[in-house]
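Chains as they are written, first to last, in my numbering: chain R, 1 to 298; chain X, 1 to 334; chain D, 1 to 557.
Rather than coming from a laboratory, the hints here were simulated on the basis of the structure.
Since we're looking at a predicted model, the values are computed, not measured.
Backbone N, C-alpha and C fix where the C-beta goes; we use that ideal spot for every residue, glycine too.
Take these hints with a grain of salt, some might be off.
[What the hints assert, rightly or not] Result set (SDA-like, lysine to any residue): computed pairs, CA atoms no more than 20 Å apart in a straight line:
| # | chain 1 | residue 1 | chain 2 | residue 2 |
| --- | --- | --- | --- | --- |
| 1 | D | Lys220 | X | Arg171 |
| 2 | X | Lys199 | X | Leu183 |
| 3 | D | Lys220 | X | Asp76 |
| 4 | D | Lys234 | X | Gln160 |
| 5 | D | Lys234 | X | Glu89 |
| 6 | X | Lys249 | X | Met228 |
| 7 | D | Lys168 | X | Ala49 |
| 8 | D | Lys439 | X | Arg52 |
| 9 | D | Lys439 | R | Gly239 |
| 10 | R | Lys262 | X | Gln160 |
| 11 | D | Lys473 | X | Leu48 |
| 12 | R | Lys71 | D | Lys180 |
| 13 | D | Lys392 | D | Gly423 |
| 14 | D | Lys220 | X | Glu89 |
| 15 | D | Lys439 | X | Thr295 |
| 16 | R | Lys262 | D | Asn300 |
| 17 | X | Lys199 | X | Gln160 |
| 18 | D | Lys439 | R | Ser158 |
| 19 | R | Lys71 | D | Lys534 |
| 20 | D | Lys215 | D | Glu149 |
| 21 | D | Lys442 | X | Leu48 |
| 22 | D | Lys220 | X | Gly84 |
| 23 | X | Lys229 | R | Asp290 |
| 24 | D | Lys168 | X | Asp33 |
| 25 | R | Lys34 | X | Glu172 |
| 26 | R | Lys262 | D | Leu301 |
| 27 | D | Lys234 | X | Glu172 |
| 28 | D | Lys168 | D | Lys180 |
| 29 | D | Lys439 | X | Ala49 |
| 30 | D | Lys534 | X | Leu183 |
| 31 | D | Lys473 | X | Pro60 |
| 32 | R | Lys34 | X | Ala125 |
| 33 | D | Lys220 | D | Asp343 |
| 34 | R | Lys34 | X | Asp129 |
| 35 | R | Lys262 | D | Asp343 |
| 36 | D | Lys191 | D | Pro148 |
| 37 | D | Lys473 | X | Asp33 |
[What the hints assert, rightly or not] A short list of chain X residues far from chain R (calculated; beta carbon distances all over 10 Å):
| # | residue |
| --- | --- |
| 38 | Glu59 |
| 39 | Ile63 |
| 40 | Leu107 |
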Amino acid sequence: MSQVMLEETQKTAVDPSAASGPWRDAWRRLWRHKSAIAGALIILLFILLAVLAPVITSHPWDGKDLYNRLKPPSSENWLGTDGLGRDLFTRLIYGARISLFVGFFAVMGSMVVGSLMGILAGYYGRWVDMLISRIFDIMLAFPSILLAIAIVAILGPSLENAILAIAIVNIPTFGRLVRSTVLSIKEEDYIMAARAQGMKDARIIFHHILPNSTAPIIVQASLGIATAILEAAALGFLGLGAQPPQPEWGTMLAESKDYIQKAPWTVVFPGLCIMLTVLGFNLMGDGLRDALDPKMKQ
Amino acid sequence: MWTYIARRLLMLIPVLFGMSLIVFSIIRAIPGDPARAILGEKASDEALAQLREELGLNEPWYIQYFHFLGDLMRGDLGVSIRTGAEIAEEIGPFLAATLELTFVAMLIAIFVGVNAGIIAAWKQATWFDYISMLIALIGVSMPVFWLGLMEQWVFAKELQLLPSTGRYNVREPIEVVTHFYVLDTIITGNWSGLWDVVKHLILPGIALGTIPMAIIARMTRSSMLEVMKQDYIRTARAKGLNEFWVNYKHALKNAFIPVLTVVGLQTGLLLGGAVLTETIFGWPGIGRYIYDAITYRDYPVIQSGILVVATIFVLINLIVDLLYAAVDPRINYK
Amino acid sequence: MRKWLLVVLSVFLAMSMALVGCGSTEESSTPAESGQQEGNSETETGSTGENEGQGGTMVFGRGADSKSLDPSQVTDGESLAVTKNIFDTLLDYKGQTTQVEPALATEWENSEDGLTWTFKLREGVKFHDGTDFNADAVVFNFERWMDPEHPYHQGNFPYYGYMFGGYKGDEGHIIEEVKKVDDYTVEFKLKRPLGPFLNNLAMSPFGIASPEAVKKYGDKFGENPVGTGPFVFKDWKKNDTITLEKNADYWMEGAPKLDRLIFKVIPDNSARLTALQSGEIDLMIGLNPDDVEAVESDSNLKLFKRPSMNVGYLAMNTEKEPFDNVQVRRAINMAINKQALIDAFYGGLGVPAKNPMPPSLWGYNDSIEDYEYNPEKAKELLAEAGYPNGFKTELWAMPNPRPYMPQPQKIAAAVQADLEKIGIDAEIITHEWTPYLEKTGKGEHTMAFLGWTGDNGDPDNFLYVLLDKDNAKGPDAGNIAFYKSDELHELLIQAQQLSDQAERAELYMQAQEIIHEDAPWVPLVHSTPPLAGKATIQDFAPHPTGSDKFTHVYFSE
Chain R
1 MSQVMLEETQ
11 KTAVDPSAAS
21 GPWRDAWRRL
31 WRHKSAIAGA
41 LIILLFILLA
51 VLAPVITSHP
61 WDGKDLYNRL
71 KPPSSENWLG
81 TDGLGRDLFT
91 RLIYGARISL
101 FVGFFAVMGS
111 MVVGSLMGIL
121 AGYYGRWVDM
131 LISRIFDIML
141 AFPSILLAIA
151 IVAILGPSLE
161 NAILAIAIVN
171 IPTFGRLVRS
181 TVLSIKEEDY
191 IMAARAQGMK
201 DARIIFHHIL
211 PNSTAPIIVQ
221 ASLGIATAIL
231 EAAALGFLGL
241 GAQPPQPEWG
251 TMLAESKDYI
261 QKAPWTVVFP
271 GLCIMLTVLG
281 FNLMGDGLRD
291 ALDPKMKQ
Chain X
1 MWTYIARRLL
11 MLIPVLFGMS
21 LIVFSIIRAI
31 PGDPARAILG
41 EKASDEALAQ
51 LREELGLNEP
61 WYIQYFHFLG
71 DLMRGDLGVS
81 IRTGAEIAEE
91 IGPFLAATLE
101 LTFVAMLIAI
111 FVGVNAGIIA
121 AWKQATWFDY
131 ISMLIALIGV
141 SMPVFWLGLM
151 EQWVFAKELQ
161 LLPSTGRYNV
171 REPIEVVTHF
181 YVLDTIITGN
191 WSGLWDVVKH
201 LILPGIALGT
211 IPMAIIARMT
221 RSSMLEVMKQ
231 DYIRTARAKG
241 LNEFWVNYKH
251 ALKNAFIPVL
261 TVVGLQTGLL
271 LGGAVLTETI
281 FGWPGIGRYI
291 YDAITYRDYP
301 VIQSGILVVA
311 TIFVLINLIV
321 DLLYAAVDPR
331 INYK
Chain D
1 MRKWLLVVLS
11 VFLAMSMALV
21 GCGSTEESST
31 PAESGQQEGN
41 SETETGSTGE
51 NEGQGGTMVF
61 GRGADSKSLD
71 PSQVTDGESL
81 AVTKNIFDTL
91 LDYKGQTTQV
101 EPALATEWEN
111 SEDGLTWTFK
121 LREGVKFHDG
131 TDFNADAVVF
141 NFERWMDPEH
151 PYHQGNFPYY
161 GYMFGGYKGD
171 EGHIIEEVKK
181 VDDYTVEFKL
191 KRPLGPFLNN
201 LAMSPFGIAS
211 PEAVKKYGDK
221 FGENPVGTGP
231 FVFKDWKKND
241 TITLEKNADY
251 WMEGAPKLDR
261 LIFKVIPDNS
271 ARLTALQSGE
281 IDLMIGLNPD
291 DVEAVESDSN
301 LKLFKRPSMN
311 VGYLAMNTEK
321 EPFDNVQVRR
331 AINMAINKQA
341 LIDAFYGGLG
351 VPAKNPMPPS
361 LWGYNDSIED
371 YEYNPEKAKE
381 LLAEAGYPNG
391 FKTELWAMPN
401 PRPYMPQPQK
411 IAAAVQADLE
421 KIGIDAEIIT
431 HEWTPYLEKT
441 GKGEHTMAFL
451 GWTGDNGDPD
461 NFLYVLLDKD
471 NAKGPDAGNI
481 AFYKSDELHE
491 LLIQAQQLSD
501 QAERAELYMQ
511 AQEIIHEDAP
521 WVPLVHSTPP
531 LAGKATIQDF
541 APHPTGSDKF
551 THVYFSE
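Looking at chain R on its own, in the form it has when it is part of the complex:
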């Protein structure tokens, strides 16, 4: 009997697949949230540019032309050319692929690992919690960029390693978030009931606890992508991220910063791209938070 009731309550409470209820409300709120829309549009624009890059531009992203170095914007090169005579606009839109890729995968990584650790800590408590929480404390005590630099120094500079480093340093953010959500859900009646019934831990975690933690995780993921893109650009700028000739925005800035006097466009535009993309994800994250978490709403 209680089994049935349990499933019922849970579904109406927060099941993401349910066609009605809070998720639909959230969607509606999101839709009305102007900044979230703006954010989504910016992200969509960059996704489109990234996907359609070969259609939009006829230049290759690594088409070197030493006779056309550092040319100002023109009808041929919309945003000018860089230090090797490559078309800047082309490199920027191909670069969008990299940044979106980095943002997505770095956050996926920290989200999966962080959530698992958070759930373990929150659900099992005691020494597991003690251990995991201390690990988080220690990791958070390091300035994240220094930690990322050190990790990349170990693994060697490359885009993949930069993603890994960013994923690692952001684990505690997700971990702590999930841990606190789990702690608050754990004491709910239906979980107690499921436990009393002898339901397996894994089942409880994946069927009951995890779905109930999705809202804050989604919000954090959106904001996390913004952070990840910034961190990847910073690593690229230090020469520790994507390696030339890859058109990663931070790497492009590092390659071009020497030209700031002679060809400012090579420095201005990659920076603007980083800022706009990050802005998009931040706007989106803000909107999601307002929509998914009515308590935060003004």
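Following the hints, put chains X and D in place on chain R, whose structure we already have.
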């Protein structure tokens, strides 16, 4: 309260211990032989072997770790492999430089952020609100290193308004007392020097302060909106007190908590994130010190440097937590 | 340019206005006053000179800080650039050449067998701490450097071991003994003749330090350097500035002219140029090649070119296929357009290299004809060698700028494009600088960029170090082409044993021909690194070794 402080301090021990172990092992895992890094492309085999021996790099790692721990206990941060100088001596001026910059960045961030937040809330849904919140969002999304480059280009190169690099005008030397140059120039009554130092702080201070400024503005605004709904403000308004002052006084009080949170979190980020700002603005701070040390594989500097920064960060957070308790009677520490 | 500025400026303005609101007045008052301030300090500097000479302060901007100011303990250019002005050497380089001239030693002679050198020392010279410079001081310094048992042999003395074949007790060590004949005469006894001996003594690592100061400061001497040089050490703010002051008692009449010499660290090249343009510094190294034009067109600034004593090259690992085939190596020599690289990435400041050593050295073989740039012919050669369709390989490039290669990553990209034209598909590989040196030293690469800056201006310092088979052994090979030629080896060893320059030059000429035929490298460029400074700087002649003495430099009105 005292027991709380004691407990927090005790909890620091395992954290610091864990940090030392992590830092130590991360560093050993970095490929690249410090002997090679020091001697460069002109090193001979014998010189390399001899240097490795001298640096104790041939000993097993746990022996090296125990040496490191033992030295730490005695307050000895080790000796820089590259320069041969005592790190404990060398690190002081770098730390001071970074702390001074961080402090100024925070000051800018708090001053601008709190005021913008209060006014935005007070004028909710006006153009000021929209624009300042949009700018705050842009600020949060800012690649700081790029902002620094842009600032230099515009304010130092094109307009020649502000100095682009360094901490002071090297032609007018400053008498160093504390290594905090603002203090030093005040102590020695060197007013033109003070003005120089302040000018040098502006561009890097703004670059570094942008993100916390934006965060503080956003947090202040939302906490203000919360407060403005409350009764006592309405009462005050009804009593006909000057509206702005009502808002402002209460706002400041209420802004304290979010600002405190941001200060706690961001100070640590600034200490580390200063790597980029310090490189661009030629600021002789600790971020660049550690970053250079990674390049040179200067193990002692990396491990002691990161530990010092992390310890400061942990301590700042402790102080912030204590201030919470002091300010907000609702928070109760057992 | 202006348009750009407007756009960015308006963004900044909008931002600061909105954020600061009415408070923005505070900030806008800064500019006007600061402009004045800057102007003031400038005029002051011009006139702060004491009664004699022009005086003034020279602020020298550079990319990194010194390691230590004990010249004998360092190898990095940033340290030696400073110590060069604090210390004098027995001999010095004349003008912009690598010929030696008297400094602390006034005359010298060599015995018949080439094993004994006798030096007369300059009299009446004092160290900055007031103690006398004499034969005892010279003997003390050499013993400190060479003898591991010496009480003040604390630390490493890399250049000593490197230039004189090790230390006392080592098999290859060349100096038998340094002894005092009288107060102002010193005698060096060598175990075997050493061709580059005089050139070695002129190197700035062998600056003579005050023995009293070495004893007083011990292992802290590097932070408290005391020499006899034109400038006295004053203050060192690490990672920031090193301040030197005029040595009023300098032995050279009427020198130095500057009152103060300040070395200031500004890591970023563009930021350093900005600092020069705004008057924060007076002179800078590490000018971006692309900014050469801007400096030349600015009437307030002047461009200085440092004569080349370096070579940037592409080494082909001759132990690995297909580079064990000389045809392939020659083909690659023909495939690379050196002049285009120089125009694009050196700001035109450099000479295409055809030999492994720069033309400024004696013994340079100018009669050698370089492989012409000819992709068609290169392709034919490749086909003859059995690679009609080219091959896949790796192209290693260092991550950071070096004096001989200011933009290695971009040069790599351009060379990659050149190789593509003859069908070679090269993947660019980069490691951090230290691992890069380690890995190339072990021979993990196939093709790799590297370069060399000369130490003492002797051909041996290029040819033997970089291409002799003695140095083609891992893990720390200097010869990263792993090129082994017995014929070359014999010539080079023979030249080391002679002390007659003309005879040696003859042997080095032959050596360069062998190297040209075997083509283990593509010698790329001898760069002339540009410096930028105020137009009022006079008598500054950058030296090929990379460390400059500011003895005669002054500002004109």
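We went through each hint and held it up to the structure:
{"no.": "1", "hint": "D:Lys220 x X:Arg171", "verdict": "violated, 27 Å"}
{"no.": "2", "hint": "X:Lys199 x X:Leu183", "verdict": "holds, 15 Å"}
{"no.": "3", "hint": "D:Lys220 x X:Asp76", "verdict": "holds, 17 Å"}
{"no.": "4", "hint": "D:Lys234 x X:Gln160", "verdict": "violated, 30 Å"}
{"no.": "5", "hint": "D:Lys234 x X:Glu89", "verdict": "holds, 18 Å"}
{"no.": "6", "hint": "X:Lys249 x X:Met228", "verdict": "holds, 12 Å"}
{"no.": "7", "hint": "D:Lys168 x X:Ala49", "verdict": "holds, 17 Å"}
{"no.": "8", "hint": "D:Lys439 x X:Arg52", "verdict": "holds, 18 Å"}
{"no.": "9", "hint": "D:Lys439 x R:Gly239", "verdict": "holds, 19 Å"}
{"no.": "10", "hint": "R:Lys262 x X:Gln160", "verdict": "holds, 17 Å"}
{"no.": "11", "hint": "D:Lys473 x X:Leu48", "verdict": "holds, 15 Å"}
{"no.": "12", "hint": "R:Lys71 x D:Lys180", "verdict": "violated, 66 Å"}
{"no.": "13", "hint": "D:Lys392 x D:Gly423", "verdict": "holds, 9 Å"}
{"no.": "14", "hint": "D:Lys220 x X:Glu89", "verdict": "holds, 12 Å"}
{"no.": "15", "hint": "D:Lys439 x X:Thr295", "verdict": "holds, 16 Å"}
{"no.": "16", "hint": "R:Lys262 x D:Asn300", "verdict": "holds, 18 Å"}
{"no.": "17", "hint": "X:Lys199 x X:Gln160", "verdict": "holds, 12 Å"}
{"no.": "18", "hint": "D:Lys439 x R:Ser158", "verdict": "holds, 17 Å"}
{"no.": "19", "hint": "R:Lys71 x D:Lys534", "verdict": "violated, 29 Å"}
{"no.": "20", "hint": "D:Lys215 x D:Glu149", "verdict": "holds, 15 Å"}
{"no.": "21", "hint": "D:Lys442 x X:Leu48", "verdict": "holds, 14 Å"}
{"no.": "22", "hint": "D:Lys220 x X:Gly84", "verdict": "holds, 9 Å"}
{"no.": "23", "hint": "X:Lys229 x R:Asp290", "verdict": "holds, 19 Å"}
{"no.": "24", "hint": "D:Lys168 x X:Asp33", "verdict": "violated, 27 Å"}
{"no.": "25", "hint": "R:Lys34 x X:Glu172", "verdict": "violated, 54 Å"}
{"no.": "26", "hint": "R:Lys262 x D:Leu301", "verdict": "holds, 16 Å"}
{"no.": "27", "hint": "D:Lys234 x X:Glu172", "verdict": "holds, 14 Å"}
{"no.": "28", "hint": "D:Lys168 x D:Lys180", "verdict": "holds, 18 Å"}
{"no.": "29", "hint": "D:Lys439 x X:Ala49", "verdict": "holds, 17 Å"}
{"no.": "30", "hint": "D:Lys534 x X:Leu183", "verdict": "violated, 33 Å"}
{"no.": "31", "hint": "D:Lys473 x X:Pro60", "verdict": "violated, 28 Å"}
{"no.": "32", "hint": "R:Lys34 x X:Ala125", "verdict": "holds, 13 Å"}
{"no.": "33", "hint": "D:Lys220 x D:Asp343", "verdict": "violated, 46 Å"}
{"no.": "34", "hint": "R:Lys34 x X:Asp129", "verdict": "holds, 15 Å"}
{"no.": "35", "hint": "R:Lys262 x D:Asp343", "verdict": "holds, 16 Å"}
{"no.": "36", "hint": "D:Lys191 x D:Pro148", "verdict": "holds, 18 Å"}
{"no.": "37", "hint": "D:Lys473 x X:Asp33", "verdict": "holds, 18 Å"}
{"no.": "38", "hint": "Glu59", "verdict": "holds, 21 Å"}
{"no.": "39", "hint": "Ile63", "verdict": "holds, 21 Å"}
{"no.": "40", "hint": "Leu107", "verdict": "holds, 20 Å"}
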